[in-house]
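Protein chains in written order, with the working numbering: chain A, 1 to 454; chain B, 1 to 454.
These aren't lab readings, by the way, just hints derived from the structure by calculation.
Think of the CB as a built atom: it goes at the ideal place given N, C-alpha and C, for glycine as much as any other residue.
The reader is advised that the hints may include incorrect statements.
[To be verified] Listed next, the in silico DSSO-like pairs over lysine-lysine satisfying Cα-Cα at most 27 Å (straight line):
id: 1; chain 1: A; residue 1: Lys78; chain 2: B; residue 2: Lys27
id: 2; chain 1: A; residue 1: Lys17; chain 2: B; residue 2: Lys7
id: 3; chain 1: B; residue 1: Lys78; chain 2: A; residue 2: Lys409
id: 4; chain 1: B; residue 1: Lys409; chain 2: A; residue 2: Lys93
id: 5; chain 1: B; residue 1: Lys7; chain 2: A; residue 2: Lys78
id: 6; chain 1: A; residue 1: Lys7; chain 2: B; residue 2: Lys78
id: 7; chain 1: B; residue 1: Lys93; chain 2: A; residue 2: Lys127
id: 8; chain 1: A; residue 1: Lys7; chain 2: B; residue 2: Lys17
id: 9; chain 1: A; residue 1: Lys183; chain 2: B; residue 2: Lys93
id: 10; chain 1: B; residue 1: Lys127; chain 2: A; residue 2: Lys93
id: 11; chain 1: B; residue 1: Lys93; chain 2: A; residue 2: Lys17
id: 12; chain 1: B; residue 1: Lys127; chain 2: B; residue 2: Lys7
id: 13; chain 1: A; residue 1: Lys78; chain 2: B; residue 2: Lys127
id: 14; chain 1: B; residue 1: Lys183; chain 2: A; residue 2: Lys78
id: 15; chain 1: B; residue 1: Lys183; chain 2: A; residue 2: Lys93
id: 16; chain 1: B; residue 1: Lys409; chain 2: A; residue 2: Lys7
[Stated by the list, open to error] Facing chain A, according to a computed beta carbon distance under 10 Å, are these residues of chain B, among others:
id: 17; residue: Phe66
id: 18; residue: Gly112
id: 19; residue: Pro439
id: 20; residue: Ser440
Protein chains: 2
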Amino acid sequence: MSEIPYKIYLSENEMPKSWHNIRAVMKEPHDPMLHPGTLKPCVTEDLLPIFCKSLAEQELNFTDEFIEIPEEIRSFYKMYRPSPLVRAYCLEKELGTPAKIYYKFEGTNTSGSHKLNSAAAQVYYAKKEGITSLTTETGAGQWGTALAMACVYFGVGLTVYMVKVSAEQKPYRRYAMETYGAKVVASPSDTTESGRKILAENPGTGGSLGCAISEAIETAIKTQNCKYVLGSVLDHVLLHQSVIGLETKAACDMYGIRPDVIIGCAGGGSNLGGLISPFMADKIRGKNDISFIAAEPASCPSLTRGTYAYDFGDTCRTTPLMRMYTVGSSYIPSPNHAGGLRFHGMSPILSKLYHDGYISAKSYVQSDVFAAATLFARSEGTLPAPESAHAIKAAIDEAVKCRETGEEKTILFGLTGTGYFDLTAYNSYNAGTMTDSVPSDEDLEKGFAGLPKV
Amino acid sequence: MSEIPYKIYLSENEMPKSWHNIRAVMKEPHDPMLHPGTLKPCVTEDLLPIFCKSLAEQELNFTDEFIEIPEEIRSFYKMYRPSPLVRAYCLEKELGTPAKIYYKFEGTNTSGSHKLNSAAAQVYYAKKEGITSLTTETGAGQWGTALAMACVYFGVGLTVYMVKVSAEQKPYRRYAMETYGAKVVASPSDTTESGRKILAENPGTGGSLGCAISEAIETAIKTQNCKYVLGSVLDHVLLHQSVIGLETKAACDMYGIRPDVIIGCAGGGSNLGGLISPFMADKIRGKNDISFIAAEPASCPSLTRGTYAYDFGDTCRTTPLMRMYTVGSSYIPSPNHAGGLRFHGMSPILSKLYHDGYISAKSYVQSDVFAAATLFARSEGTLPAPESAHAIKAAIDEAVKCRETGEEKTILFGLTGTGYFDLTAYNSYNAGTMTDSVPSDEDLEKGFAGLPKV
Chain A
1 MSEIPYKIYL
11 SENEMPKSWH
21 NIRAVMKEPH
31 DPMLHPGTLK
41 PCVTEDLLPI
51 FCKSLAEQEL
61 NFTDEFIEIP
71 EEIRSFYKMY
81 RPSPLVRAYC
91 LEKELGTPAK
101 IYYKFEGTNT
111 SGSHKLNSAA
121 AQVYYAKKEG
131 ITSLTTETGA
141 GQWGTALAMA
151 CVYFGVGLTV
161 YMVKVSAEQK
171 PYRRYAMETY
181 GAKVVASPSD
191 TTESGRKILA
201 ENPGTGGSLG
211 CAISEAIETA
221 IKTQNCKYVL
231 GSVLDHVLLH
241 QSVIGLETKA
251 ACDMYGIRPD
261 VIIGCAGGGS
271 NLGGLISPFM
281 ADKIRGKNDI
291 SFIAAEPASC
301 PSLTRGTYAY
311 DFGDTCRTTP
321 LMRMYTVGSS
331 YIPSPNHAGG
341 LRFHGMSPIL
351 SKLYHDGYIS
361 AKSYVQSDVF
371 AAATLFARSE
381 GTLPAPESAH
391 AIKAAIDEAV
401 KCRETGEEKT
411 ILFGLTGTGY
421 FDLTAYNSYN
431 AGTMTDSVPS
441 DEDLEKGFAG
451 LPKV
Chain B
1 MSEIPYKIYL
11 SENEMPKSWH
21 NIRAVMKEPH
31 DPMLHPGTLK
41 PCVTEDLLPI
51 FCKSLAEQEL
61 NFTDEFIEIP
71 EEIRSFYKMY
81 RPSPLVRAYC
91 LEKELGTPAK
101 IYYKFEGTNT
111 SGSHKLNSAA
121 AQVYYAKKEG
131 ITSLTTETGA
141 GQWGTALAMA
151 CVYFGVGLTV
161 YMVKVSAEQK
171 PYRRYAMETY
181 GAKVVASPSD
191 TTESGRKILA
201 ENPGTGGSLG
211 CAISEAIETA
221 IKTQNCKYVL
231 GSVLDHVLLH
241 QSVIGLETKA
251 ACDMYGIRPD
261 VIIGCAGGGS
271 NLGGLISPFM
281 ADKIRGKNDI
291 SFIAAEPASC
301 PSLTRGTYAY
311 DFGDTCRTTP
321 LMRMYTVGSS
331 YIPSPNHAGG
341 LRFHGMSPIL
351 SKLYHDGYIS
361 AKSYVQSDVF
371 AAATLFARSE
381 GTLPAPESAH
391 AIKAAIDEAV
401 KCRETGEEKT
411 ILFGLTGTGY
421 FDLTAYNSYN
431 AGTMTDSVPS
441 DEDLEKGFAG
451 LPKV
């Protein structure tokens, strides 16, 4: 086997031609999405008021393990993919660990994260079905920026409801979305009924992904030829994100790299779900014994402290019900800096895999996460996104364990994006003014009490 | 020849092992650097109060065409290089041009630009010679960030004098430098004699690279075991940046790409000089007939409206004298958003090549540059730095000419960096509040009148 370079790039020809659908491999499917009115399992038609048809079909496809990536999306992917699989030689040296550390780096595009992988797909299908405009929500802004890039490329209009606290922390993200032609509205806003309702109940709120989703869905329903798109949580988003895992696995296979541990940060779960998809398939088939770890914020601990229940995807309780690990759709997490992880629930696919013992989870307070981020930046060069830094923290912990035990484990994590728009947060960490917030048991009980009765 | 992919990456083994020194190929050397006191050509010893020895020697090396890149620097390069040579398929389509457009993209590292190539080299040599801290200036912040990254990697302290107007426009850059452990001072400051003098004369000034250089040099001289490093203009910086051109040429040779036009933005000249170095050698040797174009801001037009004369590198007239195209070291350009191009002079190497007719130059007002930047971002995905966008503007103009004439020219330009820290400028462009500023002939005459008598 040849020596492993710092960065492994697949050639254009080696890029995946199909996405990987882990649901076709899972021994038991996750519980079905339920219609919020009838409480019956959703069929494609139930999803059409919100989603375009191709995506609704992908959402409910539990049978095909591989789904072809249309040529137009593959062309778009070639603008910024393949992304590198990086050997973290410098971090290994800094930690003095016998572990081998790799990360799949998804931050080399202007959206700064993996979100572009699903944005391209969703906008392509919308355009193909004659949709002229889209609405969405964004937390930290990565998803909104990604969607703006895809919309301007395919020629589709876009309105982004941006979580207010993020819009204030990250004006640059707004300017970026506007440069790509999107309209950006801070959420909760007074432009929708949902927004006005939330503002009336919580006048001082900084908003949340749940609130912003409600506003975006309402606008999509009320606007002609307009659909809603979502950047995480849903099965079809994880499907698109499998391009991360497929590229990673191809690169690993090329160099004989066999991960012992695979780590991803987890908010809604799209990155982790995409990264592990083909590796998990092998695990389910008994072909590997990889430990999969979800790294989440202690301020929004859906896996580590949540409950496995049917819940809405949004605060205003308008979405279909999904069975997932959740801290409750009425729970509004504290304004920590990893905006992309401030979602009350977790992907139904990942929730099921976690419930069945295929994945473990850890949670971290943000000051520990920024310490890991800073160590990583100083040794590997790249300034990570706060979200991604949760995975870094978990990877460093694993590598330090190896230093203590002498194990030469191969640790692989997803570096979902860069922190170039998160420097206010870094400044707060550098200045020593960052505070950590962890919900009390009472806070969580309140969230659980608001769960729908199913 | 195989089909050309969107992105051409060299393998690690194909990365350059030596830098290219264009001075060894030029038919006539540029005029020597002069000691500001004696007005005699500088020898190595003259440079040692400011620069470390290896760099002083490289600065005065007119004879060796190739200079080996030390192993430690090559390791550092592997963290973020090779950079991709990108075929701008989407931009070509958007413009409807028969031209083939390529760009060498140097913005994939956290400093966001090519500056890291020389930062790594300069810090390595300083460390090797026992230097414990460095000082420098930064305009837009790319150089300062690059240097902070290299300093923390090699374990050397750093103080950055950041042009005040940039520090105000781009606080994120400051936070980034601080995250990498650097101390950042807005210039002009009251911490140096030079700064206090400039402030006394121009109380409201937003500063300039020239001012910041004066402060950084003063601090380096007054601090033990401390040297000054510079991110552009000087011959040794262009030498390090030749890694850009060498990689580009290797990628072109691999796919049989023969550029007709090569374009780079030009402030101090390090990117353009590095990009064209090996191609220019071939041109001088009669092996190609490439048109080289320097793209500069109309607000600081050293090539297009400057004079070819001996001048200082800094406002306070402390550096050696260099013969270069200059608008005068006393000229303080208007605060346009391409901070990295706000330097009064131009690299002596490029000045000589321009003087001898090997390079042509064009200047652009910033609103035209941002229009080109926005078009590029929307078609190619990547949000460019305002500096780089000068080259984009020139490349688009060339490609549009091809559309009119039907010529299938191959146009190659340097995309030096990303605009992620420049979104205030994009916002000003989007909001229609951006103004253009071009110096009057009288403004320039005043700058010329201040030139030293040599």
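### Query
Checked against the structure, which of the hints given earlier come out wrong?
1, 4, 12, 13, 14, 16, 17, 19, 20
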